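J.: Per this note's numbering, residue 370 is the first one in the sequence shown, and the count goes up by one each step.
Source of the hints: derived by calculation from the structure; they are not laboratory data.
Remember, predicted model here, so these are calculated numbers, not experimental data.
Where a beta carbon is used, it is the ideal one built from N, C-alpha and C, also for glycine.
Honestly, I wouldn't trust all of these hints.
[Stated by the list, open to error] Derived DEER-like restraints, expressed as beta-carbon distance ranges:
| id | residue 1 | residue 2 | range |
| --- | --- | --- | --- |
| 1 | S416 | Q388 | 40 to 48 Å |
| 2 | D422 | R402 | 33 to 41 Å |
| 3 | G390 | A412 | 30 to 38 Å |
| 4 | T406 | A450 | 51 to 59 Å |
| 5 | A378 | A412 | 56 to 64 Å |
| 6 | E415 | Q438 | 45 to 53 Å |
| 7 | S385 | V423 | 53 to 61 Å |
| 8 | R408 | S385 | 27 to 35 Å |
| 9 | Q446 | A407 | 50 to 58 Å |
| 10 | N429 | L455 | 22 to 30 Å |
| 11 | L441 | D420 | 32 to 40 Å |
| 12 | L458 | A424 | 50 to 58 Å |
| 13 | V396 | L441 | 49 to 57 Å |
| 14 | G390 | R419 | 52 to 60 Å |
[Unchecked claim] 20 Å max Cα-Cα, derived SDA-like pairs, lysine to any residue:
| id | residue 1 | residue 2 |
| --- | --- | --- |
| 15 | K373 | S385 |
| 16 | K384 | N395 |
| 17 | K384 | L397 |
| 18 | K384 | V374 |
| 19 | K432 | T421 |
| 20 | K384 | L372 |
| 21 | K432 | D422 |
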Amino acid sequence: DALKVIDAAIESVSKSRGQIGSFQRNVLESNIRSLGTARENLAATESTIRDTDVAAEMTNFTKLQILQQAGLSVLSQANAAPQSVLSLLRG
370 DALKVIDAAI ESVSKSRGQI GSFQRNVLES NIRSLGTARE NLAATESTIR
420 DTDVAAEMTN FTKLQILQQA GLSVLSQANA APQSVLSLLR G
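Required output: the full structure, derived from the provided sequences and hints.
T.: Okay, here's the thing in structure tokens:
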């Protein structure tokens, strides 16, 4: 009777070890690979940020702002032109 209890305990331990091994293989190793990839991507992003030429980027930003303001000014003048023609025709 004691042997049956021991055999049942051994079987239970073996089953538990199998479940733990399966969990390790299917879940933990997958998570480790995913985290490794995320770490590599983060390192690459950090490198890109550190390599950014701040002065060049600010120059480009300022240029784009000037172009935007010039475009708005031209658009404003273009919208005002028909009103000027209309007032000349009326007056």
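J.: Next step is simple, just say for each hint if it's right about the structure.
T.: Each hint tested on the structure:
no.: 1; hint: S416 with Q388: 40 to 48 Å; result: holds, 41 Å
no.: 2; hint: D422 with R402: 33 to 41 Å; result: holds, 34 Å
no.: 3; hint: G390 with A412: 30 to 38 Å; result: holds, 32 Å
no.: 4; hint: T406 with A450: 51 to 59 Å; result: holds, 57 Å
no.: 5; hint: A378 with A412: 56 to 64 Å; result: violated, 48 Å
no.: 6; hint: E415 with Q438: 45 to 53 Å; result: violated, 34 Å
no.: 7; hint: S385 with V423: 53 to 61 Å; result: holds, 57 Å
no.: 8; hint: R408 with S385: 27 to 35 Å; result: holds, 32 Å
no.: 9; hint: Q446 with A407: 50 to 58 Å; result: holds, 51 Å
no.: 10; hint: N429 with L455: 22 to 30 Å; result: violated, 41 Å
no.: 11; hint: L441 with D420: 32 to 40 Å; result: holds, 33 Å
no.: 12; hint: L458 with A424: 50 to 58 Å; result: holds, 52 Å
no.: 13; hint: V396 with L441: 49 to 57 Å; result: holds, 56 Å
no.: 14; hint: G390 with R419: 52 to 60 Å; result: violated, 42 Å
no.: 15; hint: K373 with S385; result: holds, 18 Å
no.: 16; hint: K384 with N395; result: holds, 16 Å
no.: 17; hint: K384 with L397; result: holds, 19 Å
no.: 18; hint: K384 with V374; result: holds, 15 Å
no.: 19; hint: K432 with T421; result: holds, 17 Å
no.: 20; hint: K384 with L372; result: holds, 18 Å
no.: 21; hint: K432 with D422; result: holds, 16 Å
Hints 5, 6, 10, 14 from the earlier list are contradicted by this structure; the remaining hints agree with it.
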